[in-house]
Amino acid sequence: MSFNLPQNVPDFSTQVRKAEDSVWTRATGSSAALRGGRRLPSSDLPMYKDKPQRRAGKGSRWTGVIFLFGVLVVMFIFVTSASDSDETEEGGSWSLFGGSKSSGALSSKAKQALIKEAFVESWDDYAKHALGKDIYHPISKKSRNMAPEGLGWIVVDCLDTMMLMNLEEPLKTARSWVEHNLTYDQDYAVNTFETTIRMLGGLLSAHYMSNYDDLYLEKAVDLANRLIGAFESHSGVPYASVNLHTSVGVSSHDDMGASSTAEVASLQLEFKYVAKLTGEALYWEKAEQVMKVIDENHARDGLVPIFIRPDTGKFQGANIRLGSRGDSYYEYLLKQYLQTYNKETAYRKMYDEAMTGVKKRLVQKSKPNGFTFVAELDHGWDNPTLPKMDHLVCFLPGNLALGSTNGLPLKMAQRTSWTAQQASDLKLAKELMRTCYEMYAVTKTGIAPEIAFFNTDDSSTTDITIKWQDSHNLQRPETVESLFIMWRITKDPIYREWGWNIFEAFRKYERVLDGNGYCSLESVNEIPPRFRDNMESFWLAETLKYLYLLFEDDDTVLPLDKVVFNTEAHPFPKFKMEPLFKTGWERTEKSAEEVKRSVEEAIFEKKEELKIPEDPKASEGGSEGEGESENVV
1 MSFNLPQNVP
11 DFSTQVRKAE
21 DSVWTRATGS
31 SAALRGGRRL
41 PSSDLPMYKD
51 KPQRRAGKGS
61 RWTGVIFLFG
71 VLVVMFIFVT
81 SASDSDETEE
91 GGSWSLFGGS
101 KSSGALSSKA
111 KQALIKEAFV
121 ESWDDYAKHA
131 LGKDIYHPIS
141 KKSRNMAPEG
151 LGWIVVDCLD
161 TMMLMNLEEP
171 LKTARSWVEH
181 NLTYDQDYAV
191 NTFETTIRML
201 GGLLSAHYMS
211 NYDDLYLEKA
221 VDLANRLIGA
231 FESHSGVPYA
241 SVNLHTSVGV
251 SSHDDMGASS
261 TAEVASLQLE
271 FKYVAKLTGE
281 ALYWEKAEQV
291 MKVIDENHAR
301 DGLVPIFIRP
311 DTGKFQGANI
321 RLGSRGDSYY
331 EYLLKQYLQT
341 YNKETAYRKM
351 YDEAMTGVKK
361 RLVQKSKPNG
371 FTFVAELDHG
381 WDNPTLPKMD
391 HLVCFLPGNL
401 ALGSTNGLPL
411 KMAQRTSWTA
421 QQASDLKLAK
431 ELMRTCYEMY
441 AVTKTGIAPE
451 IAFFNTDDSS
461 TTDITIKWQD
471 SHNLQRPETV
481 ESLFIMWRIT
491 KDPIYREWGW
501 NIFEAFRKYE
511 RVLDGNGYCS
521 LESVNEIPPR
531 FRDNMESFWL
541 AETLKYLYLL
551 FEDDDTVLPL
561 DKVVFNTEAH
571 PFPKFKMEPL
581 FKTGWERTEK
591 SAEEVKRSVE
601 EAIFEKKEEL
611 KIPEDPKASE
621 GGSEGEGESE
631 NVV
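When we follow full-length UniProt numbering, the leftmost residue of the sequence shown carries the number 1, and every step to the right adds one.
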């Protein structure tokens with residue numbers, strides 16, 4: 001079977017590379033231009049680069065006149081050419097006395113070149129000091145593996161970014177490592193979710209983006225066969241971990257053995273795509289069984305607790321949030337529907353119910369400026385919300401926009417059909433996108449913290465509070481992911497402007513001082529910044545990829561109506577299910593009696609776990625359950 005590749009599949013031919021380098025060299029007019037993956041020598045710097053002032057000596061009058069005349073000629077050329085140059089964006093202008101273009105005047109291709117440079121710099125530093133290692137520290141240049149022989153954590157995760165950016169030499173190095181060094185036959189337990197989205201997703205996307213290189217598919221199928229054992233629980237809900245050698249699932253050592261709801265429900269895109277590529281129904285059936293079990297819990301208004309038990313298939317605890325452990329559950333509800341060309345309507349219904357629940361219970365406004373944010377229900381539906389929002393939640397603006405148009409440009413979607421529900425989702429997407437950007441703009445570095453708290457008191461003078469322990473930045477991609485989607489769908493230039501501001505902040509404050517690599521920050525509110533000596537694989541796989549795509553002018557490059565990105569930014573093509581596959585389950589309504597019985601069972605389990613006596617008189621004087629972990633039912 002075969003799929004239609006997106007247009008503009010990366011072309012590594014010498015002719016294309018030469019043409020691309022030529023255009024980008026002219027566009028950047030700075031040392032940021034690349035040739036063959038290397039920075040251009042200083043002799044290629046443009047004429048308008050700032051020069052140090054020199055004091056004129058005797059007999060220099062004519063020299064000075066000639067020099068002044070030359071400057072005026074150069075200025076005249078710049079002024080007359082800037083207005084019609086295709087190397088500037090609309091509204092851009094040359095800075096005659098600053099010596100270079102302002103960032104707003106750089107073309108989208110020039111900005112792509114700088115983003116590409118950041119990737120190359122990060123990759124080259126990693127490849128020089130730690131090629132093949134799973135964890136890399138750019139400051140100390142130290143590295144280590146998670147599994148004995150390495151999992152390809154960084155190499156595999158960024159293969160498709162290299163393909164997108166037409167990085168021929170780095171890709172050759174990475175592919176060779178995968179071919180000769182990568183093995184998953186290791187007696188080591190890996191996180192089921194992380195290994196699926198990063199490694200399985202990375203290999204599948206590399207197979208797709210490379211015009212179906214069999215090497216990547218062979219590695220992917222081998223890994224899928226090892227991961228599939230995680231689904232062998234009593235309920236079909238995957239265990240948190242799985243041993244790669246034995247393919248035996250391993251319960252979480254924390255959280256009373258429960259798995260994260262987001263993690264068990266964010267494996268479906270990958271395993272369904274493997275099923276489509278191989279024709280093997282087992283992958284499909286195992287993945288969709290999880291969704292059936294979750295739906296049978298009949299979560300109130302579609303909002304699910306963040307833990308679920310593999311043994312029973314029941315939710316554990318009452319903590320509801322769209323941040324960590326909850327986020328990609330909602331993302332994959334929509335994307336499963338989109339992946340099969342909108343045929344699996346069960347997932348669309350679950351998604352719409354959940355978004356209605358989010359609007360009903362979690363969406364709030366900060367004070368004094370009224371930023372829209374998504375709060376948490378850390379103690380369940382009927383308790384007060386917590387005005388806390390992880391940076392992870394910033395996937396939501398893009399997801400809402402994607403759901404409102406099914407990936408089509410806004411104008412096209414509005415011409416076909418446009419409902420109040422779609423308009424409401426897009427409005428919320430725009431409001432949340434503004435808030436996610438404000439999480440960057442409010443800090444000293446212009447980089448967002450891991451977590452923000454929003455003020456809702458009338459006496460508040462600032463909308464956003466950042467606690468010291470939450471002020472670190474891990475180079476996360478969610479905001480730039482949403483900016484890319486919002487740009488593609490609406491074409492509002494503000495999203496490119498915000499994205500460029502974010503990239504410039506990364507470049508200014510997260511670039512290692514010796515110019516070799518980028519790393520995380522200990523606090524976004526400290527200047528000079530303190531580095532957290534680590535480079536996450538998603539910096540290469542997601543953050544820089546989405547920034548690069550944000551400034552891609554050709555919407556046929558990975559078009560949103562033809563591909564779906566997994567939660568690690570790995571693109572898969574949409575496909576038709578027939579004739580081998582179908583949604584193998586149907587949603588059922590839950591009776592009032594069943595709801596009542598479920599509530600009673602949950603109360604009983606909580607009493608048992610907390611050792612709460614049945615006799616109310618026996619518990620006078622205080623509750624033993626106060627201050628218990630969120631993991632307790």
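Note that these hints are calculated values from the structure, not bench results. Treat each hint with caution, since some may be false.
As the list claims (entries may be wrong) - Dumping the calculated BS3-like pairs for lysine-lysine here, alpha-carbon to alpha-carbon at most 30 Å:
#, residue 1, residue 2
1, K343, K444
2, K109, K444
3, K365, K444
4, K367, K411
5, K349, K444
6, K508, K562
7, K365, K430
8, K411, K388
9, K360, K491
10, K349, K388
11, K365, K292
12, K172, K574
13, K109, K491
14, K314, K367
15, K367, K292
16, K109, K574
17, K133, K562
18, K491, K582
19, K427, K314
20, K388, K343
21, K359, K349
22, K360, K343
23, K444, K430
24, K109, K562
25, K427, K582
26, K292, K314
27, K508, K292
As the list claims (entries may be wrong) - Each pair of labels, with its calculated beta carbon distance range:
#, residue 1, residue 2, range
28, N369, D492, 44 to 52 Å
29, D213, T465, 42 to 50 Å
30, H245, N369, 50 to 58 Å
Yeah, the Cβ is synthetic: ideal placement off N, Cα and C, and Gly gets one too.
> What are the numbers of the hints that this structure violates, sorted from low to high?
Replying inline: Hints 1, 4, 5, 6, 8, 11, 14, 15, 17, 18, 19, 20, 25, 27 and 28 are the ones this structure does not satisfy, whereas the remaining hints hold.
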